[in-house]
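Student: Here is what each chain is made of, one letter per residue.
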Amino acid sequence: MSEAYFPVGPGLGLEENFLSLDDILMSQEKLPGRAESSLPRLAFVLGQGAGTGDSIPEGTKLEIPLWLAKGLHDSKRRIISVELPKIYKEAWRTVFSADATVVDLHKLGPYYYGFGSQLLNFDNPENPEIAQTLLQTFISRFRRIMDSSQNAYNEDTSVLVARLDELERALFQAGQKGLNDFQCWEKGQASQITASSLVQNYGKRKFTEVDG
Amino acid sequence: MAGERAAGLVRELHRAAGGHLPPFRVEELRQALEEMRALYEQNQADVSEAKAGRTDLIFLIRFRHCCLLRNQRCILAYLYDRLLRIRALRWEYGSVLPNTIQFHMSAEEVEWFSRYKKSLATYMRSVGGEEGLDLTQDIKPPKSLYIEVRCLKDYGEFEIDDGTTVLLKKNSQHFLPRWKCEQLIRQGVLEHILS
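First to last, the sequence lines map onto chains H and C.
Residues 1 to 212, numbered by UniProt numbering, are exactly what the first sequence covers, in order.
Residues 1 to 195, numbered by UniProt numbering, are exactly what the second sequence covers, in order.
Treat the hints loosely; a few may be bogus.
Unchecked claim - Below, a list of computed lysine to aspartate or glutamate pairs in the EDC-like style, where the Cα atoms sit at most 20 Å apart:
{"no.": "1", "chain 1": "H", "residue 1": "Lys76", "chain 2": "C", "residue 2": "Asp56"}
{"no.": "2", "chain 1": "C", "residue 1": "Lys153", "chain 2": "C", "residue 2": "Glu130"}
{"no.": "3", "chain 1": "C", "residue 1": "Lys143", "chain 2": "H", "residue 2": "Asp181"}
{"no.": "4", "chain 1": "C", "residue 1": "Lys140", "chain 2": "H", "residue 2": "Asp181"}
{"no.": "5", "chain 1": "C", "residue 1": "Lys118", "chain 2": "C", "residue 2": "Asp134"}
{"no.": "6", "chain 1": "H", "residue 1": "Lys61", "chain 2": "H", "residue 2": "Glu36"}
{"no.": "7", "chain 1": "H", "residue 1": "Lys30", "chain 2": "C", "residue 2": "Glu4"}
{"no.": "8", "chain 1": "C", "residue 1": "Lys180", "chain 2": "C", "residue 2": "Asp161"}
{"no.": "9", "chain 1": "H", "residue 1": "Lys187", "chain 2": "C", "residue 2": "Glu148"}
{"no.": "10", "chain 1": "C", "residue 1": "Lys180", "chain 2": "C", "residue 2": "Asp138"}
{"no.": "11", "chain 1": "C", "residue 1": "Lys143", "chain 2": "H", "residue 2": "Glu63"}
{"no.": "12", "chain 1": "C", "residue 1": "Lys180", "chain 2": "C", "residue 2": "Glu131"}
{"no.": "13", "chain 1": "H", "residue 1": "Lys89", "chain 2": "H", "residue 2": "Glu58"}
{"no.": "14", "chain 1": "H", "residue 1": "Lys70", "chain 2": "C", "residue 2": "Glu4"}
{"no.": "15", "chain 1": "H", "residue 1": "Lys70", "chain 2": "H", "residue 2": "Glu36"}
{"no.": "16", "chain 1": "C", "residue 1": "Lys117", "chain 2": "C", "residue 2": "Glu131"}
{"no.": "17", "chain 1": "C", "residue 1": "Lys153", "chain 2": "C", "residue 2": "Glu191"}
{"no.": "18", "chain 1": "C", "residue 1": "Lys169", "chain 2": "C", "residue 2": "Glu191"}
{"no.": "19", "chain 1": "C", "residue 1": "Lys140", "chain 2": "H", "residue 2": "Glu186"}
{"no.": "20", "chain 1": "C", "residue 1": "Lys180", "chain 2": "C", "residue 2": "Asp134"}
{"no.": "21", "chain 1": "H", "residue 1": "Lys89", "chain 2": "H", "residue 2": "Glu29"}
{"no.": "22", "chain 1": "H", "residue 1": "Lys107", "chain 2": "H", "residue 2": "Glu36"}
{"no.": "23", "chain 1": "H", "residue 1": "Lys187", "chain 2": "C", "residue 2": "Glu191"}
{"no.": "24", "chain 1": "H", "residue 1": "Lys30", "chain 2": "H", "residue 2": "Glu90"}
{"no.": "25", "chain 1": "C", "residue 1": "Lys180", "chain 2": "C", "residue 2": "Asp162"}
{"no.": "26", "chain 1": "H", "residue 1": "Lys61", "chain 2": "H", "residue 2": "Glu29"}
{"no.": "27", "chain 1": "C", "residue 1": "Lys118", "chain 2": "C", "residue 2": "Glu131"}
To be verified - Per label pair, the in silico range of CB-to-CB distance:
{"no.": "28", "chain 1": "C", "residue 1": "Ile160", "chain 2": "H", "residue 2": "Leu135", "range": "56 to 64 Å"}
{"no.": "29", "chain 1": "H", "residue 1": "Ala174", "chain 2": "C", "residue 2": "Ile139", "range": "16 to 24 Å"}
{"no.": "30", "chain 1": "C", "residue 1": "Gln42", "chain 2": "H", "residue 2": "Ala190", "range": "21 to 29 Å"}
Said to hold, decoys possible - One side of the interface only, derived from the structure: several residues of chain H facing chain C at Cβ under 8 Å:
{"no.": "31", "residue": "Leu19"}
{"no.": "32", "residue": "Leu25"}
{"no.": "33", "residue": "Trp67"}
{"no.": "34", "residue": "Gly71"}
{"no.": "35", "residue": "Leu72"}
{"no.": "36", "residue": "Ile79"}
Hint data in this document are derived by calculation from the structure and do not stem from the laboratory.
Glycine is no exception: its CB is placed at the ideal position from the N, C-alpha and C atoms.
Next up, chain C with everything else stripped away, as it sits in the complex (with noise of 0.2 Å):
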């Protein structure tokens, strides 16, 4: 049945919850892309067909047709809403991304990640000030200016506003300020600790 396989990349992706982004799928795109050329190279020559006369063809035509516009909407939406995904990364880790996911991505949505990334970045200079704002900073409303974080996992030194480093570590616990770990709690680096 035409129209199978873009609609099984729409399944796929709608199996993966969450926003989780999936592998992205090359060659079955371009066997859905196959699938549109060689429908519409059929109803090509079958119009010059019902064009002699053959009205009763007009109908495969049109069921064509509509595979052709059902295989167009699969694969749009597949190709939108892995951009959502991609824009939601943005927000989620930061501007730089973990190899494995950039693995999933295509060329292309790479490209349309920096320029985000970049277009984001241009924006968040020119409000706020001189120093421009971030946006993906406090989310949550802070409640102070130093938080009690634990590390999840090793990090490595970590320089932070007044010039000292700290060595972050496995299991250590440490005083920071807000804005400087907000993002590696995001990664899941450290942990915010209330107490």
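Isolated chain H (complex conformation) (with noise of 0.2 Å):
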């Protein structure tokens, strides 16, 4: 029980928040980018080239950091082009149409809707889909986390968390903490004062001797 300790959550729409640890790693996933004009210097920081005056010539492609595309977006000047990572992309929205189930959030992800949320930052013609395929796929994946995550009770749930991106996971974690609470009323433990969790954490790693 840490329920001490709360963590700053992730903005989930298209503003972030600005002290989420989460919603920092999830900024940091890269995207594809195009430069639309020649940009001095900016080889060697970008990792492209090895001189620090080379310039970067038009048309390069480039993998730039979430964060970066927000900041240097500019609708007046376009520097730098973003384009859609491919599974926001058409064909693979269709997948998500057909079967949502059955993908590997995880692993494609693992910030499948908070980057897609903030990828709708940048106006791009297919954002109506995109934000459709986000609400469809989290609407038709929402009922199985749900449904695990409430029956599975004393049991390994690295399986069932395993494809799941880093929102559903918080979900399913949620999911599990109310059966097991569930549970211990039900056997009268809900009384029981328990060590902290941190205590029993630190006593795992070895930091067993309080002092005293």
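Join these two chains into a complex; the hints should help.
Tutor: The following block contains the structure:
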């Protein structure tokens, strides 16, 4: 029971949460882009070319992290154009609409929903379809996640969560906590004072001897 | 790529799940700040060049500025999330932290912790009448004043309200006032036995 620690949650929408660790890692994910004009002295920092003075010629394909793409995005002067990562493209959208439950979102994502919502910040003509796919994917997967999280009691859940994206994992954990608390209450253990999970964790890591 | 060091800090903290406090990375933090200083100085140089007419450098300046902001965000989030974890320790462990955890904290964090402790104590004295109210007690509603506990490790002598002392030896069982042993249970010294 580590109820005292509440991490800053992800923003889950167009806006990121500034202090959220999840959002920072999410915006570290890369997406493909293209230089629309020649960029002086940038080759070195973006890991292309050797000399510090090299410039990136127009039309070069780049892989830039989301945070950089957001920072450099400018609707008036297109210096870097951003393309969709393949899992948000038409071909994958068809896969998701066919059967979203079989897709391994952790391998593809692992921040499928968060990253997808962030893509809506770039004025892409396909935005409505992307948003619709994100929503439909979530709707069709949610039922199974809720079902499995509510029915796996005292089981190894690693298989169940293996293919879930980070948002879905958080939902799964919440469901599991609810299930465990309820089982505790049914067995009359709800009033038992337990060692704090932090202490238990530290114990596992061989920090056992609490001085005193 | 700029920003990798700071992102590495965040990644490590994120991996330590469940409120666990990993060691404070002084060296990585210093390197990230150093990187920010370098970016800033390069930008200053290029700004004066851009002013002199090289407008094609503006994009480069903007790029460095983004990196600066990104580093700032990563470092702030890193420090803030650590504080949240340290604050949680006050509620889980009580006011004295084991040495192993203190080794993981920076001097500033130790200072912050002791100030947090003080203001919490001041607040708890101010509520609940004359004697104050310990908010960290009875997180779950108590059903009885005394509870049965088993000792999980040798703890030594322990004095209860009526002045008698009990010897908390490993595997011994005692019937003690709930409010006296709640904290010891949370620290994993005692185990609460339900009849």
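Student: Does each hint fit the structure? Answer for all of them.
Tutor: Verification of the supplied hints:
{"no.": "1", "hint": "H:Lys76 - C:Asp56", "verdict": "holds (16 Å)"}
{"no.": "2", "hint": "C:Lys153 - C:Glu130", "verdict": "violated (36 Å)"}
{"no.": "3", "hint": "C:Lys143 - H:Asp181", "verdict": "holds (18 Å)"}
{"no.": "4", "hint": "C:Lys140 - H:Asp181", "verdict": "holds (13 Å)"}
{"no.": "5", "hint": "C:Lys118 - C:Asp134", "verdict": "holds (13 Å)"}
{"no.": "6", "hint": "H:Lys61 - H:Glu36", "verdict": "holds (10 Å)"}
{"no.": "7", "hint": "H:Lys30 - C:Glu4", "verdict": "holds (13 Å)"}
{"no.": "8", "hint": "C:Lys180 - C:Asp161", "verdict": "holds (8 Å)"}
{"no.": "9", "hint": "H:Lys187 - C:Glu148", "verdict": "holds (18 Å)"}
{"no.": "10", "hint": "C:Lys180 - C:Asp138", "verdict": "holds (11 Å)"}
{"no.": "11", "hint": "C:Lys143 - H:Glu63", "verdict": "violated (60 Å)"}
{"no.": "12", "hint": "C:Lys180 - C:Glu131", "verdict": "holds (16 Å)"}
{"no.": "13", "hint": "H:Lys89 - H:Glu58", "verdict": "violated (24 Å)"}
{"no.": "14", "hint": "H:Lys70 - C:Glu4", "verdict": "holds (17 Å)"}
{"no.": "15", "hint": "H:Lys70 - H:Glu36", "verdict": "holds (16 Å)"}
{"no.": "16", "hint": "C:Lys117 - C:Glu131", "verdict": "holds (18 Å)"}
{"no.": "17", "hint": "C:Lys153 - C:Glu191", "verdict": "holds (10 Å)"}
{"no.": "18", "hint": "C:Lys169 - C:Glu191", "verdict": "holds (13 Å)"}
{"no.": "19", "hint": "C:Lys140 - H:Glu186", "verdict": "holds (16 Å)"}
{"no.": "20", "hint": "C:Lys180 - C:Asp134", "verdict": "holds (12 Å)"}
{"no.": "21", "hint": "H:Lys89 - H:Glu29", "verdict": "holds (17 Å)"}
{"no.": "22", "hint": "H:Lys107 - H:Glu36", "verdict": "violated (31 Å)"}
{"no.": "23", "hint": "H:Lys187 - C:Glu191", "verdict": "holds (17 Å)"}
{"no.": "24", "hint": "H:Lys30 - H:Glu90", "verdict": "holds (19 Å)"}
{"no.": "25", "hint": "C:Lys180 - C:Asp162", "verdict": "holds (12 Å)"}
{"no.": "26", "hint": "H:Lys61 - H:Glu29", "verdict": "holds (16 Å)"}
{"no.": "27", "hint": "C:Lys118 - C:Glu131", "verdict": "holds (16 Å)"}
{"no.": "28", "hint": "C:Ile160 - H:Leu135: 56 to 64 Å", "verdict": "holds (59 Å)"}
{"no.": "29", "hint": "H:Ala174 - C:Ile139: 16 to 24 Å", "verdict": "holds (20 Å)"}
{"no.": "30", "hint": "C:Gln42 - H:Ala190: 21 to 29 Å", "verdict": "violated (59 Å)"}
{"no.": "31", "hint": "Leu19", "verdict": "holds (5 Å)"}
{"no.": "32", "hint": "Leu25", "verdict": "holds (6 Å)"}
{"no.": "33", "hint": "Trp67", "verdict": "holds (5 Å)"}
{"no.": "34", "hint": "Gly71", "verdict": "holds (3 Å)"}
{"no.": "35", "hint": "Leu72", "verdict": "holds (6 Å)"}
{"no.": "36", "hint": "Ile79", "verdict": "holds (5 Å)"}
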